[in-house]
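Taken in sequence, the protein lines are chains A and B.
Here the working numbering is used: the first residue of the first sequence is 1, the next is one more, and so on.
Here the working numbering is used: the first residue of the second sequence is 1, the next is one more, and so on.
Keep in mind that the hints were calculated from the coordinates and are not lab data.
All C-beta atoms, glycine included, are put in the ideal place defined by N, C-alpha and C.
Each hint should be verified, as a subset may be incorrect.
[Claimed, not checked] Computed spacing ranges between beta-carbons, pair by pair:
{"no.": "1", "chain 1": "B", "residue 1": "Ile-17", "chain 2": "A", "residue 2": "Leu-117", "range": "53 to 61 Å"}
{"no.": "2", "chain 1": "B", "residue 1": "Glu-58", "chain 2": "A", "residue 2": "Gln-227", "range": "24 to 32 Å"}
{"no.": "3", "chain 1": "A", "residue 1": "Gly-24", "chain 2": "B", "residue 2": "Tyr-123", "range": "55 to 63 Å"}
{"no.": "4", "chain 1": "B", "residue 1": "Lys-16", "chain 2": "A", "residue 2": "Glu-41", "range": "38 to 46 Å"}
{"no.": "5", "chain 1": "A", "residue 1": "Ile-17", "chain 2": "B", "residue 2": "Val-225", "range": "22 to 30 Å"}
{"no.": "6", "chain 1": "B", "residue 1": "Arg-143", "chain 2": "A", "residue 2": "Glu-126", "range": "37 to 45 Å"}
Number of protein chains: 2
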Amino acid sequence: MTYRIDCLQYANWSEKIFRQMREGGVDAVHVTIAYHENFRETVLNIEQWNRWFEQFPELIFQGRTGADIRRAKTEGRTAIFFGFQNPSPIEDDIGLVEIVHTLGARFMQLSYNNQSLLATGCYEAEDPGLTRMGREVIDEMNRVGLVVDMSHSADRSTLEAIEHSARPIAITHANPAFWAPARRNKPDDVIRALAESGGMLGFSLYPHHLKDKSDCTLQSFCEMVAQTADMVG
Amino acid sequence: MTYRIDCLQYANWSEKIFRQMREGGVDAVHVTIAYHENFRETVLNIEQWNRWFEQFPELIFQGRTGADIRRAKTEGRTAIFFGFQNPSPIEDDIGLVEIVHTLGARFMQLSYNNQSLLATGCYEAEDPGLTRMGREVIDEMNRVGLVVDMSHSADRSTLEAIEHSARPIAITHANPAFWAPARRNKPDDVIRALAESGGMLGFSLYPHHLKDKSDCTLQSFCEMVAQTADMVG
Numbered sequence: 001m002t003y004r005i006d007c008l009q010y011a012n013w014s015e016k017i018f019r020q021m022r023e024g025g026v027d028a029v030h031v032t033i034a035y036h037e038n039f040r041e042t043v044l045n046i047e048q049w050n051r052w053f054e055q056f057p058e059l060i061f062q063g064r065t066g067a068d069i070r071r072a073k074t075e076g077r078t079a080i081f082f083g084f085q086n087p088s089p090i091e092d093d094i095g096l097v098e099i100v101h102t103l104g105a106r107f108m109q110l111s112y113n114n115q116s117l118l119a120t121g122c123y124e125a126e127d128p129g130l131t132r133m134g135r136e137v138i139d140e141m142n143r144v145g146l147v148v149d150m151s152h153s154a155d156r157s158t159l160e161a162i163e164h165s166a167r168p169i170a171i172t173h174a175n176p177a178f179w180a181p182a183r184r185n186k187p188d189d190v191i192r193a194l195a196e197s198g199g200m201l202g203f204s205l206y207p208h209h210l211k212d213k214s215d216c217t218l219q220s221f222c223e224m225v226a227q228t229a230d231m232v233g
Numbered sequence: 001m002t003y004r005i006d007c008l009q010y011a012n013w014s015e016k017i018f019r020q021m022r023e024g025g026v027d028a029v030h031v032t033i034a035y036h037e038n039f040r041e042t043v044l045n046i047e048q049w050n051r052w053f054e055q056f057p058e059l060i061f062q063g064r065t066g067a068d069i070r071r072a073k074t075e076g077r078t079a080i081f082f083g084f085q086n087p088s089p090i091e092d093d094i095g096l097v098e099i100v101h102t103l104g105a106r107f108m109q110l111s112y113n114n115q116s117l118l119a120t121g122c123y124e125a126e127d128p129g130l131t132r133m134g135r136e137v138i139d140e141m142n143r144v145g146l147v148v149d150m151s152h153s154a155d156r157s158t159l160e161a162i163e164h165s166a167r168p169i170a171i172t173h174a175n176p177a178f179w180a181p182a183r184r185n186k187p188d189d190v191i192r193a194l195a196e197s198g199g200m201l202g203f204s205l206y207p208h209h210l211k212d213k214s215d216c217t218l219q220s221f222c223e224m225v226a227q228t229a230d231m232v233g
């Protein structure tokens, strides 16, 4: 049995898109429900998703475990997994890690381009690595089962997160820098450390992360995937 | 199999009290985690309980369903069920009903002595009954499985909640007014309507709700329980 999973998606969500996901046979999708929202704002976004789950039960439901992906395939629906692109939803309160997990969050990026309370983003000039709170929050994320995502983080912070985390981490949307040297893409040492620790890499189709941007060819993209697989697959 | 359940409890919680509950063989307890707290303050209280669940797993765990009470008895632990004495945790946002339920809330009073956005409290001079929002919130509580508790509500509001709710409601802590005519105690018509709808009444040991206050005798209390059972049991 194979599953079709979208490892990171954002959109102006609607019934139309939920139906497109069914037409495309998408069993599960990691949906961004917070970019820069604080806790209360994130809860408002979850409330909106709760309304969609209530309105369109034949199309979508909230995913919480791997078993939900198998259930989604069996039932012909799409399992929606919540994720944050930034740790802003936990504000400065480590107790919120368990709270957002209880509400269904399964992925959280430690930083989004800029410095956060936890780690450095990939656009900062300096990357001092994980902060003291960052280490504590990773421990708590490991405990409750919230996946550390370093897609938008800087390299030293990412390497330290891989090292510090007791569970494998994820880079849900980024490409190798050897193919397209954007700051959001990852150098070989990060990709190797990620793979050696059992982590996952999701490739990105965002034009800024592609070789030749929007002129990128399917051939070029697939060669990049194959080359990355040869390197660490 | 019989179970020992405390239908409403508040305390300055600590390991000592958790151990006392085990010594007393309490299988489950409905714990007040909010009196007048708003949503964020209630979440802070849940965070404190999460820490206790982590610290004392041999004594307590979070209860969410009836099966958890059976599990508590089997495992020799006490299942903790969260409840609010006021609807303040949902603020003015009906979407928070499902959110607090997901976080474990299983009981919510529609008003606490005073007028709320939903219903009237028992100390108000006037009781205009359920508000428009009150009816909508009851529907939402029925949908997600959050029990309506009218312990501190005024009589007309209580009768209307019994009538409007599609599921039985609870009066978790109050006594019959025929025995002790405190404003917090309930007249016969409320008790009869509650019983006829399948609801539950939990008797109160709070001195202000007792005949002769702190001088109340065990004999008198038990006679009151027997008389109430004769009336609606």
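*Go through the numbered hints given earlier and state which of them the structure violates, listing their numbers in rising order.*
Of the numbered hints given earlier, those the structure breaks are 1, 2, 5 and 6, listed in rising order.
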